[in-house]
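J.: Same order as they appear, the protein sequences are chains H and F.
Residue numbers for the first sequence follow our numbering, beginning at 1 and rising by one.
Residue numbers for the second sequence follow our numbering, beginning at 1001 and rising by one.
Simulated from the structure, these hints should not be mistaken for laboratory data.
Please note that a few of the clues may not be correct.
Below are the DSS-like pairs computed for lysine-lysine, each with C-alpha atoms no more than 27 Å apart in a straight line [as the list claims (entries may be wrong)]:
1) H:Lys22 with F:Lys1258
2) F:Lys1347 with H:Lys347
3) F:Lys1132 with H:Lys342
4) F:Lys1295 with H:Lys258
5) H:Lys22 with F:Lys1057
6) H:Lys49 with H:Lys342
7) H:Lys49 with F:Lys1258
8) F:Lys1453 with H:Lys188
9) H:Lys77 with F:Lys1098
10) F:Lys1481 with F:Lys1453
11) H:Lys112 with F:Lys1132
12) F:Lys1049 with F:Lys1295
13) H:Lys112 with F:Lys1481
14) H:Lys335 with F:Lys1188
15) F:Lys1098 with H:Lys22
16) H:Lys49 with F:Lys1295
17) H:Lys57 with F:Lys1098
18) H:Lys258 with F:Lys1347
19) F:Lys1382 with F:Lys1347
20) F:Lys1258 with H:Lys98
21) F:Lys1049 with H:Lys295
22) H:Lys98 with F:Lys1087
23) H:Lys258 with H:Lys295
24) F:Lys1453 with H:Lys258
25) F:Lys1049 with H:Lys57
26) F:Lys1258 with H:Lys347
27) F:Lys1057 with H:Lys49
Given the structure is predicted, the values throughout are model-derived calculations rather than measurements.
The residues making up each chain are set out below.
2 protein chains.
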Amino acid sequence: MGQSMTTRGEDYAQWYNDLVLKSGMAEYAAVRGCMVIKPYGYAIWEAMKDVLDRRFKETGHVNAAFPLLIPKSFFSKEAAHVEGFAKECAVVTHYRLKNDGQGGIVVDPEAKLEEELIIRPTSETLMWNAYKGWIQSYRDLPLLINQWANVMRWEMRTRLFLRTAEFYWQEGHTAHATAAEAVEESVKMLNVYAEFMEGTLAIPVIKGVKSESERFAGAVDTYTVEALMQDGKALQMGTSHFLGQNFARAFDVTFLNKEGERDLVWGTSWGVSTRMMGALIMVHSDDEGLVLPPKLAPIQAVLIPIAKGKEDNADLMAAVEAMAAELRRRGIRVKVDDDDTKRPGWKFAEHELRGVPVRLAMGGRDLENGTMEVARRDERSKETLPLTQVADRVEALMSEIQTNLFERARRYRDGNIQRVENFDQFQEVLELGGFVYAHWDGTAETEAAIKEKTKATIRCIPMDGQELDADGAGVCVLSGKPSARRVLFARAY
Amino acid sequence: MGQSMTTRGEDYAQWYNDLVLKSGMAEYAAVRGCMVIKPYGYAIWEAMKDVLDRRFKETGHVNAAFPLLIPKSFFSKEAAHVEGFAKECAVVTHYRLKNDGQGGIVVDPEAKLEEELIIRPTSETLMWNAYKGWIQSYRDLPLLINQWANVMRWEMRTRLFLRTAEFYWQEGHTAHATAAEAVEESVKMLNVYAEFMEGTLAIPVIKGVKSESERFAGAVDTYTVEALMQDGKALQMGTSHFLGQNFARAFDVTFLNKEGERDLVWGTSWGVSTRMMGALIMVHSDDEGLVLPPKLAPIQAVLIPIAKGKEDNADLMAAVEAMAAELRRRGIRVKVDDDDTKRPGWKFAEHELRGVPVRLAMGGRDLENGTMEVARRDERSKETLPLTQVADRVEALMSEIQTNLFERARRYRDGNIQRVENFDQFQEVLELGGFVYAHWDGTAETEAAIKEKTKATIRCIPMDGQELDADGAGVCVLSGKPSARRVLFARAY
């Protein structure tokens, strides 16, 4: 507070960073590229976890916990996985410190591990290694396991929530008797993600399949949900992978099928992370601060009594507390901000910064008139209502604001998907930001050439049944060769 | 299943290990000393977390997330902490792998960290380093933060849940304006732990203070809750530390007090871990398997229809499903085990092994008579009841079993606290197992000598207000010197 924040127009990246810090969501830790998620940010992450965890359990999954450390040799077992993935990782080589005799400590050179251990960047290898012992016959399938965990990828350029060395996520790892079942599972979980993002985060997403070069190392197909940030860049919100029999083969996980024959198991994995926190901030917030969807806001309504000097404010406080009690009774998360060391204007700015969806203020005149001022954060509008109407209005605003945020983000997103027919158009439109919906010849060469020339990547090949009409065949914007359908390009986080 | 389990009488340690594995709670992972918590075990841990997390929030705490890795230099900042604690730790020295050109991977020698990073064995140093930026004045205090996290201590001898290299815990780290407030907080959280252990885990605990040599490195006082296992060994269930100003001093965390003077902050930290899972198993279980308190049992009642061969069992199944629905309506977690590939006897043994508190069975004759067999796991007793009485009975059993487990454990514990007056008695009684309540002269030398001779340690100096009467002054069992009060000795996990 106090200092003004960079605006989105001035410098979007700086605005984002300022906002995360000033709103008390997170900060950088003493370890390079790692973050501290502060209580306010963590409360939002907890709310996300609660909703997702319930959905995972409703869809038949159970939680478990697998180790943090992976023997180095495990990474070599699945060839594509090691080629494409496991490079920038934190490596544990020793297991003891000792005093250096001068008040400091040093690593004990005698405590060197025979085999180095890697802090998990993802847990496919560990899980499939355990699944080998858990799966004997078709009766043990499907195995539907999730874990909430911290993982680590030694990123060189980090940004709070969006790309940090350590981050928090859930990773589902399932095993199935047939390919069809495994594909069904990966698509089902992609849909769970999409519903969560649209229904809870209020972020519209496009579901699609990744091109081969953007696919997870070790997967047969990677499904993705993609969203658009306010600066016109795309962000991958989560992925779900059909692993085929790749990890089952690497870790020799077989089962006796109903016919009594031994077969390799089919797998999936799927994950979403604290990256969603970054998307939540970037999609909804404005130059005044965070804008939080009510479903995730730690405080949904703040009540501010505007007391006059040293007068007796007992009646005012009583009216405010009564309203707070009524709102709590209706299941709304409220806070009464009666800190008398801070002025009302400061408090208004503070709660705007922290994205509290609704602010209620009551002063001396309101008390006389039996009214309260009701302000909504999303539209920064306010109205003065009789006390008898306030609770109903606040309750209605919870869903109104939730819906408004989603619709607003969808209008922006939809207004920023452009169909282009040639490469000049492609480059021109890309500069404006947003998704470019264009024909591509399906080759990795063309994909790489487009990325090289424009920094745009194929975000996904959209799945059917969404508003994005695939629009039939055409010719590739770059090569002019035949294209079966349009795909979605964008510059991305 | 199938193979019989080692009994407690034969080999308690082996019984424990067999039980953890066979009941599907956990298993050893591919990384030495680390465990996989399997879904059944994890569901119990989740239930524990839910109850504790709610209590932490009710007592004003908020959650946050701090990094996994700690710069090595942080450990040197608090002198006692480095002396007494941070030795057996996993050390990260490199941040990249590379292909060895032969399908394998090696650690890239060029990617060596300038300063080694330690996987957190506990997070005092990291948190206090962050708190420095968060605390300016008395208005920022108290700071009441908790985190649920994985931590790692490179233990040489490991046992599932009881002592593993990686384990899961919560660690509260709070900052206060006065010493009195910080002491109050540490005792408050010790009481939260004790209530949780007695009320939810059904494990009676003794609250006390640690002797200096058993104290947490860096603490001024360590409070502890101690329980007795069925083999007569004690287990430290959780600790709460009054840190004084030690970490504030080490990390220069000061605040402006109400008088406008700068002062060092006072701290606490407190934690309980997956070790409680081990205690839960060891305190209640028997030679047939787990015995779970209903409050934590993932399945509280299992319903087993005993169908006859190929007959039409529709009526039987309908009656069983109706009962399951009624129990669910009452908030009881039920499972209908209608797997027709397994015989009833096998199922009975399986659910006993997994500690399901209540088993309901219904066969053809029950159907005719309108009855069900109701069996309780804790007493291994059963009764046949009219269907109209079953749901009420099961509901009542939930609290009856919970209470019975606690009372049973308390009787055992109380029967195994012996007062002794001299060292011969001390040694004799110790061999029988349990707590020995004896006079001690208060010196570290005597404490060490007793440990050396008997392997018994001072578990705690019991706090006042518990059933253990301090019993006034006396003379030390070993040295014969004056003793202000009795303390509790035992061999411990």
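J.: The structure should be examined with respect to each hint, and the outcome stated for every one.
T.: Taking the hints in turn, this is what the structure says about them:
| no. | hint | verdict |
| --- | --- | --- |
| 1 | H:Lys22 with F:Lys1258 | holds (25 Å) |
| 2 | F:Lys1347 with H:Lys347 | violated (62 Å) |
| 3 | F:Lys1132 with H:Lys342 | holds (23 Å) |
| 4 | F:Lys1295 with H:Lys258 | violated (38 Å) |
| 5 | H:Lys22 with F:Lys1057 | holds (24 Å) |
| 6 | H:Lys49 with H:Lys342 | violated (34 Å) |
| 7 | H:Lys49 with F:Lys1258 | violated (39 Å) |
| 8 | F:Lys1453 with H:Lys188 | violated (63 Å) |
| 9 | H:Lys77 with F:Lys1098 | holds (15 Å) |
| 10 | F:Lys1481 with F:Lys1453 | holds (18 Å) |
| 11 | H:Lys112 with F:Lys1132 | violated (35 Å) |
| 12 | F:Lys1049 with F:Lys1295 | holds (12 Å) |
| 13 | H:Lys112 with F:Lys1481 | violated (47 Å) |
| 14 | H:Lys335 with F:Lys1188 | holds (25 Å) |
| 15 | F:Lys1098 with H:Lys22 | violated (39 Å) |
| 16 | H:Lys49 with F:Lys1295 | holds (23 Å) |
| 17 | H:Lys57 with F:Lys1098 | violated (38 Å) |
| 18 | H:Lys258 with F:Lys1347 | holds (22 Å) |
| 19 | F:Lys1382 with F:Lys1347 | holds (16 Å) |
| 20 | F:Lys1258 with H:Lys98 | violated (42 Å) |
| 21 | F:Lys1049 with H:Lys295 | holds (23 Å) |
| 22 | H:Lys98 with F:Lys1087 | holds (6 Å) |
| 23 | H:Lys258 with H:Lys295 | violated (45 Å) |
| 24 | F:Lys1453 with H:Lys258 | violated (61 Å) |
| 25 | F:Lys1049 with H:Lys57 | holds (17 Å) |
| 26 | F:Lys1258 with H:Lys347 | holds (22 Å) |
| 27 | F:Lys1057 with H:Lys49 | holds (17 Å) |
Violated hints, in rising order: 2, 4, 6, 7, 8, 11, 13, 15, 17, 20, 23 and 24; the structure is consistent with all others.
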